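These protein sequence lines are chains A and B, in that order.
So in the working numbering, the last spot in the first sequence is 114, and the numbers never skip.
So in the working numbering, the last spot in the second sequence is 228, and the numbers never skip.
There may be inaccurate statements among the hints.
[What the hints assert, rightly or not] In the EDC-like style, the derived pairs of lysine to aspartate or glutamate whose C-alpha atoms are separated by at most 16 Å in a straight line are:
| id | chain 1 | residue 1 | chain 2 | residue 2 |
| --- | --- | --- | --- | --- |
| 1 | B | Lys215 | A | Glu56 |
| 2 | B | Lys215 | A | Asp51 |
| 3 | B | Lys215 | A | Asp59 |
| 4 | B | Lys215 | A | Asp101 |
The hints are simulated quantities; they were obtained by calculation from the structure and are not laboratory data.
Please read these numbers as outputs of a predicted model, since none were measured by experiment.
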Amino acid sequence: DVKVTQSSRYLVKRTGEKVFLECVQDMDHENMFWYRQDPGLGLRLIYFSYDVKMKEKGDIPEGYSVSREKKERFSLILESASTNQTSMYLCASSRQGPSTDTQYFGPGTRLTVL
Amino acid sequence: AQSVTQLDSQVPVFEEAPVELRCNYSSSVSVYLFWYVQYPNQGLQLLLKYLSGSTLVESINGFEAEFNKSQTSFHLRKPSVHISDTAEYFCAVSEPGGYQKVTFGTGTKLQVIP
Numbered sequence: 001d002v003k004v005t006q007s008s009r010y011l012v013k014r015t016g017e018k019v020f021l022e023c024v025q026d027m028d029h030e031n032m033f034w035y036r037q038d039p040g041l042g043l044r045l046i047y048f049s050y051d052v053k054m055k056e057k058g059d060i061p062e063g064y065s066v067s068r069e070k071k072e073r074f075s076l077i078l079e080s081a082s083t084n085q086t087s088m089y090l091c092a093s094s095r096q097g098p099s100t101d102t103q104y105f106g107p108g109t110r111l112t113v114l
Numbered sequence: 115a116q117s118v119t120q121l122d123s124q125v126p127v128f129e130e131a132p133v134e135l136r137c138n139y140s141s142s143v144s145v146y147l148f149w150y151v152q153y154p155n156q157g158l159q160l161l162l163k164y165l166s167g168s169t170l171v172e173s174i175n176g177f178e179a180e181f182n183k184s185q186t187s188f189h190l191r192k193p194s195v196h197i198s199d200t201a202e203y204f205c206a207v208s209e210p211g212g213y214q215k216v217t218f219g220t221g222t223k224l225q226v227i228p
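Using the sequences plus the hints, can you model the full thing?
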């Protein structure tokens, strides 16, 4: 089975801190994604990557950056955390190809910014 | 641009009763359609998907969805729900080609009442 793991289930940070969220997948998937999930808003795509060192902005990239130095690892970075970034963050991966492939999700990181 | 509408944010239903979760989409081209399920404290997992061919697709746990192009709908149904179906359900759409840009709906929480 595909496994996507995220470094923390719960995280509490202070305003202005630099925050790193890590995601690792073990199925040699080319594509990786970061979403945030908020009540009433569903999932919104922050960034995605289709290859090592490649990245594309999603729908809400402001305030975030990403890093993909290795195929299995995709990091989301909050350069200076703000309270409006309090949310559930979900990482996902999928095989390369047309838009038919299933995305496999990690369990999520619930981030609280105080 | 593609979009997905899930009009019902919450659906309470008694155990063993039938249920329908509604999903409508908009897109200027042909689409692929998905239903994902999120059980409490877990990430999302694929329930079923429509790519082409038969407009009726089924999951292994008794859910089915029918693609209706004229009504731009992809409603999810189950004839008899179980307590274990309590979860949040997300409809999603993607367009062929590109880097798997998937747009998710805002989710419907299904609460099965004993």
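- Task: Would you pick out the hints that fail for this structure and give their numbers low to high?
- Result: The structure breaks none of the hints.
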